[in-house]
Amino acid sequence: MSKISVEKDLKAIVFQLRNEEYGVEVDQVRSIERLQHITRVPRSPEFVKGVINLRGVVTPIIDLRSRFGMEAQEYTDTSRVIIVSIEDMNVGLVVDGANDVIDVPIEAIEAPPEVVGGIEADYIRGIAKLDKRLLIILNLDKVLRTDEIKEMENLEANT
Amino acid sequence: MDKSQYLDMFIDESKEHLQAINDNLLLLEKNPSEENIINEIFRSAHTLKGMSATMGFSDLANLTHQMENVLDGIRNEIIMASSELIDMVFESVDYLEAMIQDIADGGNGQKNVTEIVKKLEMLEKGSFEETSTTIEIINQMEITDYDDFEQTVLSQSREQGFNAYYVSISLREDCILKAARVYMVFEVLEQIGEVIKSVPSVEELEEESFDFDFSVTLITKEAESDVKGKVLKVSEIESVSIQELTMEKGKRSSKESNQPQKSVTTEEDVNPSLPVEEKGDTTTSSQIKNGTSSKTIRVNIERLDSLMNLFEELVIDRGRLEQISSELKDNDLTETVEHMSRISSDLQSIILTMRMVPVDHVFNRFPRMVRGLAKELNKMVDLEIVGASTELDRTVIDEIGDPLVHLLRNSIDHGIESCDIRKREGKSEIGKITLKAYHSGNHVFIEVSDDGAGINRQKVMDKAINNGIIHRETAATLTDQEVDELLFSSGFSTAEEISDISGRGVGLDVVKNKIESLGGSVSVFSNPGEGTTFSIQLPLTLSIISAMLVEVQDEIYALPLSSIIETAIIKEEDILSAHNQKVIDFRGSVVPVIDLTEFFQVPVSKEQSEYYSVVVVRKSDKMAALVVNSFIGQQEIVLKSLGNYLTSTFAISGATILGNGEVALIIDCNAFIK
Chain A
3 MSKISVEKDL KAIVFQLRNE EYGVEVDQVR SIERLQHITR VPRSPEFVKG VINLRGVVTP
63 IIDLRSRFGM EAQEYTDTSR VIIVSIEDMN VGLVVDGAND VIDVPIEAIE APPEVVGGIE
123 ADYIRGIAKL DKRLLIILNL DKVLRTDEIK EMENLEANT
Chain B
15 MDKSQYLDMF IDESKEHLQA INDNLLLLEK NPSEENIINE IFRSAHTLKG MSATMGFSDL
75 ANLTHQMENV LDGIRNEIIM ASSELIDMVF ESVDYLEAMI QDIADGGNGQ KNVTEIVKKL
135 EMLEKGSFEE TSTTIEIINQ MEITDYDDFE QTVLSQSREQ GFNAYYVSIS LREDCILKAA
195 RVYMVFEVLE QIGEVIKSVP SVEELEEESF DFDFSVTLIT KEAESDVKGK VLKVSEIESV
255 SIQELTMEKG KRSSKESNQP QKSVTTEEDV NPSLPVEEKG DTTTSSQIKN GTSSKTIRVN
315 IERLDSLMNL FEELVIDRGR LEQISSELKD NDLTETVEHM SRISSDLQSI ILTMRMVPVD
375 HVFNRFPRMV RGLAKELNKM VDLEIVGAST ELDRTVIDEI GDPLVHLLRN SIDHGIESCD
435 IRKREGKSEI GKITLKAYHS GNHVFIEVSD DGAGINRQKV MDKAINNGII HRETAATLTD
495 QEVDELLFSS GFSTAEEISD ISGRGVGLDV VKNKIESLGG SVSVFSNPGE GTTFSIQLPL
555 TLSIISAMLV EVQDEIYALP LSSIIETAII KEEDILSAHN QKVIDFRGSV VPVIDLTEFF
615 QVPVSKEQSE YYSVVVVRKS DKMAALVVNS FIGQQEIVLK SLGNYLTSTF AISGATILGN
675 GEVALIIDCN AFIK
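Protein sequence lines, in the order shown, are assigned to chains A and B. Residue numbers for the first sequence follow this note's numbering, beginning at 3 and rising by one. Residue numbers for the second sequence follow this note's numbering, beginning at 15 and rising by one.
Check the hints yourself; a few may be wrong.
Each computed DMTMM-like pair below joins lysine to aspartate or glutamate, with the alpha-carbon atoms no more than 25 Å apart [as the list claims (entries may be wrong)]:
1) B:Lys446 <-> B:Asp416
2) B:Lys620 <-> A:Glu48
3) B:Lys473 <-> B:Glu413
4) B:Lys133 <-> B:Asp73
5) B:Lys620 <-> A:Glu76
6) B:Lys633 <-> B:Asp523
Label pairs and their calculated CB-CB ranges [unchecked claim]:
7) A:Lys144 <-> B:Asp225: 41 to 49 Å
8) B:Asp568 <-> A:Glu48: 27 to 35 Å
9) B:Glu612 <-> A:Gly71: 47 to 55 Å
10) B:Met368 <-> A:Arg36: 35 to 43 Å
11) A:Glu48 <-> B:Ser603: 50 to 58 Å
12) A:Val103 <-> B:Phe645: 47 to 55 Å
13) A:Arg36 <-> B:Asn314: 35 to 43 Å
14) A:His39 <-> B:Asn527: 35 to 43 Å
15) B:Arg356 <-> A:Val103: 29 to 37 Å
16) B:Tyr625 <-> A:Lys144: 48 to 56 Å
17) B:Leu590 <-> A:Glu48: 33 to 41 Å
18) A:Lys144 <-> B:Ser603: 28 to 36 Å
Taking beta-carbon pairs under 7 Å as the criterion, some of the chain A residues facing chain B (in silico) [to be verified]:
19) Leu37
20) Thr41
21) Asn55
22) Arg135
These aren't lab readings, by the way, just hints derived from the structure by calculation. For glycine and all other residues, C-beta sits at the position ideal for the given N, C-alpha and C.
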């Protein structure tokens with residue numbers, strides 16, 4: 003996938019993870035919430051933090067740092083939960099901070115760099131260069147793929 | 015005209031009419047000469063035809079029309095309502111059902127009906143001469159098709175010297191504003207008399223959902239020719255034909271035309287000195303009529319669901335308020351909150367009952383099915399339905415149809431013996447199947463019992479051994495009950511020959527899975543030679559349940575009350591070890607102990623005292639004791655799903671929202687017991 007076939011500018015919600023900036027398409031974002039009490043769900047994958055009560059809807063929360071294999075960090079006042087919705091699946095993503103919406107010109111988005119043996123690159127739809135900022139555009143479908151969770155569960159069970 | 019907004023209503027009503035036809039056909043088969051039943055069927059078929067023609071489903075309308083012709087033949091005693099004929103009509107009803115199902119599924123309701131239409135035509139022609147054209151049949155039929163009320167108006171007006179005319183009006187084919195012309199015609203007619211019926215109905219005429227012909231029934235003092243002349247003055251009218259309605263014609267469709275009815279206002283104006291007794295009579299008879307049709311409104315199930323969702327929110331807030339008021343200890347607040355709690359629990363029961371539907375919705379198609387199956391298998395079976403008015407949650411109702419079909423098929427195929435064997439056994443030739451539904455506690459029970467041969471346990475055991483379900487050694491130790499339960503194991507089928515009715519080896523285990531997925535259970539009781547009973551136990555509702563809240567370290571979990579046997583405090587030394595598994599001796603039986611802290615990997619924050627709080631849960635007759643830190647109490651909780659992302663969480667069946675707004679997980683006790 004070397005070219006992104008969208009004509010208009012891409013409107014993206016910008017969030018931070020470990021000093022890097024990421025973007026998700028604004029259409030896929032339902033809301034941005036402050037952290038609230040998370041109920042742990044036992045025997046679920048490591049990155050699934052649990053579920054929250056989002057205005058009466060029980061919504062699962064995943065920690066993006068741990069999803070991407072980054073080191074964990076205590077949640078702070080700037081930590082946010084981005085509620086995204088894909089194929090009638092609502093999931094909250096815990097990020098270090100989220101405070102910006104920007105228009106990314108399509109031509110500024112480049113294909114993700116090839117990473118040796120990187121599953122991680124799958125999660126990335128492209129990288130946008132904006133002045134001096136680098137914005138990593140996420141491929142949420144891949145991030146939220148449930149079959150991979152099952153694979154990981156199997157791995158955990160085997161080890 | 016945009017018909018889509020009427021589509022749902024059309025589908026619902028068509029289904030009702032088809033059901034009515036089905037029911038009445040069964041009755042008709044028992045009393046072939048009962049005129050009322052034929053009339054009922056006829057009425058349903060007629061309405062169905064009208065509706066489908068209006069909605070533009072021509073195949074549906076064609077078939078109904080042909081069916082109507084046959085029914086007309088029966089009604090006029092030209093054709094005999096023989097069993098073959100009823101089979102044929104049933105077959106056409108099947109076609110109609112398939113078409114309506116297709117429409118409901120978003121199809122266009124088209125189906126090749128030529129064959130069945132031909133068969134019906136043959137039936138019809140076989141016994142009486144085909145009337146020349148279809149239109150004539152319709153007209154003829156419509157002339158006679160007045161309801162009791164219209165009959166009465168007709169007869170009364172005639173007594174008062176009015177003439178009744180059947181006026182057929184054709185508009186010119188190039189007529190553009192049909193509705194406007196119709197309106198003008200009606201205006202003319204209403205000046206000279208009273209229009210008591212129009213075909214199509216006035217609404218349909220206003221929506222222009224007719225071709226170019228329509229007909230009205232008019233009561234007037236004017237002469238036939240005057241009426242004709244006045245109507246023809248309206249422009250763009252092609253032709254007008256007028257027939258005088260005679261008393262006999264009007265009477266033909268109903269014997270009860272002498273039944274007094276409330277007359278239309280104009281008529282009371284004409285004759286204000288209507289005898290008082292007659293009026294009194296009128297009210298009673300209309301009351302009796304009303305009694306049979308209860309006052310209901312149709313509500314979309316989605317609206318009920320959203321009402322339920324809103325109410326669930328309210329239940330959550332109620333919990334929160336209760337918590338706040340117990341913390342604040344303010345008298346006024348406590349009182350108000352208590353009152354609100356009472357009202358909301360009343361509200362809860364009302365909303366829950368609103369979602370309740372009588373099991374009749376599922377049961378009503380069974381007599382038909384049983385009849386068909388019994389015929390196919392050359393058995394004589396009588397189906398008795400008890401407690402069809404028992405109510406169940408809509409969501410459950412939608413799901414239990416298939417399992418019940420399975421059980422009924424099973425009973426007819428395997429349970430009931432053939433006529434010869436029954437005679438030899440000294441039983442009545444006609445086998446009896448009872449379908450019974452009743453409430454008990456928080457559950458509804460549905461039983462399917464037959465008076466057939468009962469379960470042949472030896473055969474069941476041999477089969478189970480052959481299919482590798484049990485070992486030969488264990489077989490000898492099984493109790494009768496355990497043998498019977500083998501029927502529910504997967505890959506089991508006792509029918510020696512595989513028939514297409516049941517015995518495909520997928521039967522009863524599927525039933526069991528389905529019922530269990532609904533939170534119910536199924537069991538079987540059998541007496542050899544006397545019959546078999548399958549009993550299904552179902553929860554009343556699926557969305558709000560009673561649960562016990564427990565604390566495991568700092569986390570709160572909910573346990574469905576239905577699976578809890580009791581709670582207990584046990585001493586540490588009472589916990590024994592058997593083959594590396596902790597167990598306790600609970601009322602004489604050895605019960606495995608599961609520590610939830612360990613099981614759910616809960617971060618430990620509390621020290622374990624020497625007393626353990628345990629909740630003893632069960633799944634059928636097996637038990638397990640769950641160790642928790644403390645019991646919080648019993649509460650009504652609202653079941654919420656964990657969403658589509660977390661689909662395979664072990665031992666968690668869902669979540670609920672607590673009074674403080676936090677989420678608590680609901681434990682699936684079945685997961686602990688294998």
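Tell me, in ascending order, the numbers of any earlier hints that this structure violates. 3, 7, 8, 9, 11, 15, 18, 19 and 22
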